[in-house]
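Residues per chain, in single letters:
Number of protein chains: 2
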Amino acid sequence: MKARIHVTLKNGVLDPQGKAIEHALGNMGFDGVEAARQGKYIELDLKSTDRASAEKEVDEMCRKLLANTVIENYSIDLE
Amino acid sequence: MKARIHVTLKNGVLDPQGKAIEHALGNMGFDGVEAARQGKYIELDLKSTDRASAEKEVDEMCRKLLANTVIENYSIDLE
Numbered sequence: 001m002k003a004r005i006h007v008t009l010k011n012g013v014l015d016p017q018g019k020a021i022e023h024a025l026g027n028m029g030f031d032g033v034e035a036a037r038q039g040k041y042i043e044l045d046l047k048s049t050d051r052a053s054a055e056k057e058v059d060e061m062c063r064k065l066l067a068n069t070v071i072e073n074y075s076i077d078l079e
Numbered sequence: 101m102k103a104r105i106h107v108t109l110k111n112g113v114l115d116p117q118g119k120a121i122e123h124a125l126g127n128m129g130f131d132g133v134e135a136a137r138q139g140k141y142i143e144l145d146l147k148s149t150d151r152a153s154a155e156k157e158v159d160e161m162c163r164k165l166l167a168n169t170v171i172e173n174y175s176i177d178l179e
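Chains A and B are the protein sequences, given in the same order.
Under my numbering, the first residue of the first sequence carries the number 1, and numbering increases by one thereafter.
Under my numbering, the first residue of the second sequence carries the number 101, and numbering increases by one thereafter.
Hints were generated in silico from the structure; no laboratory data involved.
All C-beta atoms, glycine included, are put in the ideal place defined by N, C-alpha and C.
Treat the hints loosely; a few may be bogus.
If you only want the chain B side, here are some residues facing chain A, beta carbon under 10 Å, derived [what the hints assert, rightly or not]:
1) A124
2) L125
3) M128
4) F130
5) D131
6) A135
7) Y141
8) L144
9) S148
10) A154
11) E157
12) E160
13) K164
14) L166
15) V170
Chain A regions said to be covered by chain B (calculated; three or more residues, Cβ under 8 Å) [unchecked claim]:
16) 41-48
17) 63-77
Here are the computed distance ranges between Cβ atoms for each label pair [said to hold, decoys possible]:
18) A120(B) <-> T49(A): 20 to 28 Å
19) M128(B) <-> M28(A): 36 to 44 Å
20) E34(A) <-> E134(B): 34 to 42 Å
21) D150(B) <-> T49(A): 39 to 47 Å
22) K56(A) <-> D150(B): 40 to 48 Å
23) K56(A) <-> K164(B): 39 to 47 Å
24) G129(B) <-> E34(A): 37 to 45 Å
25) K147(B) <-> D45(A): 33 to 41 Å
26) E155(B) <-> K56(A): 33 to 41 Å
27) K164(B) <-> E55(A): 35 to 43 Å
Looking at chain A on its own, in the form it has when it is part of the complex:
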């Protein structure tokens, strides 16, 4: 089973990487970009084939290691 995890900064948290992308794109002549935000994308290959237990385990991984829940949100897609 494969888990796809998106970790993004919460609204209101300063996103210097996103701002850098915005400015760089603007400087390169792409003036159609109103805002940019950058997050992390993590793919995990899991041994588990049980969806419910895999979801619980990956959620725990996110809370304990992959995301800083003070400033970041995460979402999990299993397939």
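With the hints as your guide, set chain B onto chain A.
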């Protein structure tokens, strides 16, 4: 219009961040993880409302700035 971009390392390219995640999860007792890979996730808010031109523009942004196409793949979702 919103563009969601995933930038991931090509197969065969060393992924030290992914390896660090694998090892850290293993050390924390999550032994159900066979492999981990880390990529970037970028969200852009676009002024454009025309799907075809937006797709072309974002593709150009990826090739010129957001992805290093020598070692990275990218995928674009528009909505």
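Verification of the supplied hints:
For A124(B), the shortest C-beta to C-beta distance to chain A is roughly 6 Å, which falls under 10 Å, so the interface hint holds. At about 6 Å, the closest approach between the beta carbon of L125(B) and any beta carbon in chain A falls short of 10 Å, and the interface hint on this residue holds. The closest approach between the C-beta of M128(B) and any C-beta of chain A is roughly 7 Å, which is under the 10 Å cut-off, so the hint is satisfied. Here the hint on F130(B) is kept, as its CB sits about 6 Å from the closest CB of chain A, short of 10 Å.
Checking D131(B) against chain A by beta carbon gives a least distance of about 8 Å; that is within 10 Å, so the hint holds. Given hint, A135(B) at the interface with chain A, holds; its Cβ is 4 Å from that chain's nearest Cβ, closer than 10 Å. Satisfaction of the interface hint for Y141(B) is found here, the shortest Cβ-Cβ separation to chain A being roughly 4 Å, below the 10 Å cut-off. Hint status for L144(B) relative to chain A: holds, with the closest Cβ pair at about 5 Å, below 10 Å.
Hint on S148(B) holds. Least Cβ distance to chain A is approximately 5 Å, under the 10 Å limit. Interface restraint check for A154(B): the shortest CB-CB distance to chain A comes to about 8 Å, inside 10 Å, so the restraint holds. For E157(B), the suggested interface contact is upheld, since its CB lies about 6 Å from the closest CB of chain A, less than 10 Å. Below 10 Å, beta-carbon pairs count as interface contacts, and E160(B) has one with chain A at about 8 Å; its hint therefore holds.
Interface hint status for K164(B): upheld, as the beta-carbon distance to the closest one in chain A is roughly 7 Å, under 10 Å. The criterion of a C-beta within 10 Å of any C-beta in chain A is met by L166(B), whose closest approach is roughly 7 Å, and the hint holds. Restraint check, V170(B) versus chain A: the minimum CB separation of about 19 Å is more than 10 Å; hint violated. With 8 residues having a Cβ less than 8 Å from any Cβ of chain B, the stretch 41-48 of chain A passes the three-residue criterion, so the hint holds.
Counting residues of the stretch 63-77 of chain A whose C-beta lies closer than 8 Å to any C-beta of chain B gives 3; at least three are required, and the coverage claim holds. Distance hint for A120(B) and T49(A): a CB-CB separation of about 26 Å, consistent with the stated range 20 to 28 Å. Under the hint 36 to 44 Å, the C-beta atoms of M128(B) and M28(A), about 41 Å apart, fit the expected range. Range check, E34(A) to E134(B): about 40 Å between beta-carbon atoms, so the 34 to 42 Å window is met.
In this structure the hint that D150(B) and T49(A) lie 39 to 47 Å apart at CB holds, the actual value being about 43 Å. The hint said 40 to 48 Å for the Cβ distance between K56(A) and D150(B), and at roughly 43 Å that hint holds. In this structure the hint that K56(A) and K164(B) lie 39 to 47 Å apart at CB holds, the actual value being about 42 Å. Look at G129(B) against E34(A): about 44 Å separates their beta carbons, and that is inside 37 to 45 Å.
A C-beta distance of roughly 39 Å is found between K147(B) and D45(A), which places it inside the suggested range of 33 to 41 Å. Checked against the given bound of 33 to 41 Å, the beta carbons of E155(B) and K56(A), roughly 37 Å apart, stay inside it. Distance hint check: the CB atoms of K164(B) and E55(A) are about 38 Å apart, consistent with the given range 35 to 43 Å.
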